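Line by line, the protein sequences give chains P and R.
Residue numbers for the first sequence follow my numbering, so the first one is 1 and each next one is one higher.
Residue numbers for the second sequence follow my numbering, so the first one is 1 and each next one is one higher.
By construction, these hints were calculated from the structure, which means they are not laboratory data.
Be aware that one or more of the hints could be misleading.
Unchecked claim - Calculated lysine-lysine pairs in the PhoX-like style (CA-CA distance at most 20 Å, straight line):
#1 K149(R) with K160(P)
#2 K242(P) with K72(P)
#3 K29(R) with K79(R)
#4 K79(R) with K290(P)
#5 K70(P) with K242(P)
#6 K290(P) with K254(P)
#7 K102(R) with K13(P)
#8 K131(P) with K149(R)
#9 K188(R) with K149(R)
#10 K80(R) with K196(R)
#11 K160(P) with K77(R)
#12 K290(P) with K77(R)
#13 K81(R) with K290(P)
#14 K80(R) with K290(P)
#15 K160(P) with K131(P)
#16 K160(P) with K75(R)
#17 K83(R) with K188(R)
#18 K160(P) with K176(R)
#19 K210(P) with K250(P)
#20 K196(R) with K160(P)
#21 K245(P) with K290(P)
#22 K160(P) with K195(R)
All values reported here derive from a predicted model rather than from experimental measurement.
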Amino acid sequence: MSNIKNNSLINYKEVLDMLERGQITTAEAFVLFRELEEEQVLLRLEKNEEKLMSLDEITRELDSLIGLDKAKKLVKEIKAFVEIQKKREEEKLNTEPIVLHMIFRGNPGTGKTTVARILGKIFKEMGILEKGHLIEVERADLVGEFIGHTAQKTRDQIRKALGGILFIDEAYSLARGGEKDFGKEAIDTLVKAMEDYKDNLILILAGYQKEMEEFLNTNPGLRSRFPIQIDFEDYSIDELIKISKLMLEKREYKLSKGAEKKLRKILEQKRFKNQDKVGNARLVRNLIEKAIRMQAVRLVNKKNVSRQDLIYIQDGDLVGVDEI
Amino acid sequence: MTRCIIIGKTNVGKTLFTINFAEFLGLKKINVVLEYHDGSQHSRSYTIREARTYLTDPLPHKTLCLQIVTVNIPKGKGKKKIKLIDTSGLINGIHPDENIRKAISQTLANVRTADLILHIVDAAVIPKNGIVETLGEIDYQIAQFGQMKYGYALLANKMDLPEAERGLDKLREEFKGIYIIPVSALHKQGFNEVKKFVSRNI
Numbered sequence: 001m002s003n004i005k006n007n008s009l010i011n012y013k014e015v016l017d018m019l020e021r022g023q024i025t026t027a028e029a030f031v032l033f034r035e036l037e038e039e040q041v042l043l044r045l046e047k048n049e050e051k052l053m054s055l056d057e058i059t060r061e062l063d064s065l066i067g068l069d070k071a072k073k074l075v076k077e078i079k080a081f082v083e084i085q086k087k088r089e090e091e092k093l094n095t096e097p098i099v100l101h102m103i104f105r106g107n108p109g110t111g112k113t114t115v116a117r118i119l120g121k122i123f124k125e126m127g128i129l130e131k132g133h134l135i136e137v138e139r140a141d142l143v144g145e146f147i148g149h150t151a152q153k154t155r156d157q158i159r160k161a162l163g164g165i166l167f168i169d170e171a172y173s174l175a176r177g178g179e180k181d182f183g184k185e186a187i188d189t190l191v192k193a194m195e196d197y198k199d200n201l202i203l204i205l206a207g208y209q210k211e212m213e214e215f216l217n218t219n220p221g222l223r224s225r226f227p228i229q230i231d232f233e234d235y236s237i238d239e240l241i242k243i244s245k246l247m248l249e250k251r252e253y254k255l256s257k258g259a260e261k262k263l264r265k266i267l268e269q270k271r272f273k274n275q276d277k278v279g280n281a282r283l284v285r286n287l288i289e290k291a292i293r294m295q296a297v298r299l300v301n302k303k304n305v306s307r308q309d310l311i312y313i314q315d316g317d318l319v320g321v322d323e324i
Numbered sequence: 001m002t003r004c005i006i007i008g009k010t011n012v013g014k015t016l017f018t019i020n021f022a023e024f025l026g027l028k029k030i031n032v033v034l035e036y037h038d039g040s041q042h043s044r045s046y047t048i049r050e051a052r053t054y055l056t057d058p059l060p061h062k063t064l065c066l067q068i069v070t071v072n073i074p075k076g077k078g079k080k081k082i083k084l085i086d087t088s089g090l091i092n093g094i095h096p097d098e099n100i101r102k103a104i105s106q107t108l109a110n111v112r113t114a115d116l117i118l119h120i121v122d123a124a125v126i127p128k129n130g131i132v133e134t135l136g137e138i139d140y141q142i143a144q145f146g147q148m149k150y151g152y153a154l155l156a157n158k159m160d161l162p163e164a165e166r167g168l169d170k171l172r173e174e175f176k177g178i179y180i181i182p183v184s185a186l187h188k189q190g191f192n193e194v195k196k197f198v199s200r201n202i
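With the hints as extra help, turn the sequences into a complete structure.
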């Protein structure tokens, strides 16, 4: 065993061969695996350093998103603000504290999570956050069922988010149950964490516009702790069509002229019927995925399917989608 | 697709865990892909009850290939498909039967490439036999290897048996810093926590 260990040319395949031949025990194989893994980790670390996305690349990723004009503008503002504060610090000038807790208001499917994820990467690159990862939670992840449970659960999530962003979806649901509800305990724990980890944790509260407003009104102390507020507006029909085309393009499909018209009609009807409950980008994704399946059903029994047939979604494929 | 491998010594309940966990996640029928050491594959469909009858056995080394079941795990607002990979039991020492050694080697090859490792131990026999004797070198080595990986959890199984509670305490002492989930594969206890763990790590 010891002489095997010292041979650094050994690879996984050889370990498995020795195991099969009965030359080493399973436990010994694991020891060897661990050593190989350590080598790999070192190699990977070296590679990762080269691979990290530059700030420019991340900004381009943000710019490539359709719509979201307000959010994009604000992200650029934040970026500039942070850079300047850092420069001021270098010049020993007075600096504003960088408080980056945020409130995202908007309907589902308007890009809140996507923007949060990109912000995490940007802050990591700028050295504001250590890791820049995003932990997405909702009431059930924070609120427990008995006394003391909530603080524990909330702290667990906070711990996971340290060095990154804690994204709380439908944050107002924490205040839903009134005074005696454990949701309040979760809010208190979060507020305390914002103080304790102010240099290494960013909190984002997200949810519907109206409910968010009510939530902040009933908890006046909260508003001042979240200096950045971004409104995510519903996508316009044109933007939704662009999004669908992009989604299809990624999957190597295309909309026929007729299908595009049909899609526009469906989206307009949807918007007209239930004003603010439209699923936005998520609705579009469902429509597209359903259409792809419908196209498959249409083509599967057809003889002589051409390449064009396989690429194009026809208006007929969007028929069964109305019920979504 | 995310690969979640279930490993542990023989007769700790890996296969029963896999079947019952699949049922817990909403499967009424399970479609098992059997993947053999030589790379050949078969696919079989069972009801949950049939799977329990045909795939589990009180004798060691019932499972001699990978048994792969695809399940849905809730993730964020949606669901994600992952593969649960049930494996051959691992042993201390060297097994005299070459076929079993090959099956073990196949298990290890897959441990290395898996995204998640669920390592099952029998908590109920620990108080009787002592922790070091029960686990042996192999479980310690799996745990050490697992800790290097991103998604690793130790499942203390057979918590339905009265002795298991003390076994669990011992495990917690011995494996400080490792994420331990007490479960009963038989009664599907602790499965919610396992589900959450998997969901967090995919």
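Next item on the list: Please work out if K29(R) and K79(R) have their alpha carbons no farther apart than 20 Å.
Entry: Holds, at about 19 Å.
Margin query: For K210(P) and K250(P), compute the direct alpha-carbon distance and say whether it is at most 20 Å.
Written below: violated (35 Å)
Checklist line | 20 Å limit on alpha-carbon distance, applied to hinted pair K242(P) and K72(P) | finding: Given pair K242(P), K72(P) holds - Cα atoms ~18 Å apart, limit 20 Å.
Check: Are the Cα atoms of K160(P) and K77(R) separated by 20 Å or less?
Finding: Within the cut-off at roughly 19 Å; holds.
Notebook entry, point to check: Within 20 Å, alpha carbon to alpha carbon, are K160(P) and K195(R)?
Noted result: holds (17 Å)
Check: Is the hinted pair K131(P) and K149(R) satisfied, with a Cα-Cα distance of at most 20 Å?
Finding: holds (18 Å)
Checklist line | Pairwise hint evaluation, K254(P) against K290(P), where the allowed Cα distance is 20 Å at most | finding: The hint holds at about 14 Å.
Check: Given the hint that K83(R) pairs with K188(R), does the C-alpha gap stay at or below 20 Å?
Finding: holds (19 Å)
Notebook entry, point to check: Going straight from one Cα to the other, do K188(R) and K149(R) come out at no more than 20 Å?
Noted result: violated (26 Å)
Notebook entry, point to check: K160(P) and K131(P): Cα distance at most 20 Å?
Noted result: Distance ~11 Å between K160(P) and K131(P) Cα, so the pair holds.
Notebook entry, point to check: Is K160(P) within 20 Å of K176(R), Cα to Cα?
Noted result: Given that 20 Å is the threshold and the Cα spacing comes to 19 Å, the pair holds.
Checklist line | Hinted pair K79(R) and K290(P), Cα distance within 20 Å | finding: It holds: about 17 Å lies between the C-alpha atoms, which stays within 20 Å.
When each numbered hint is compared with the structure, violations occur for hints 9 and 19.
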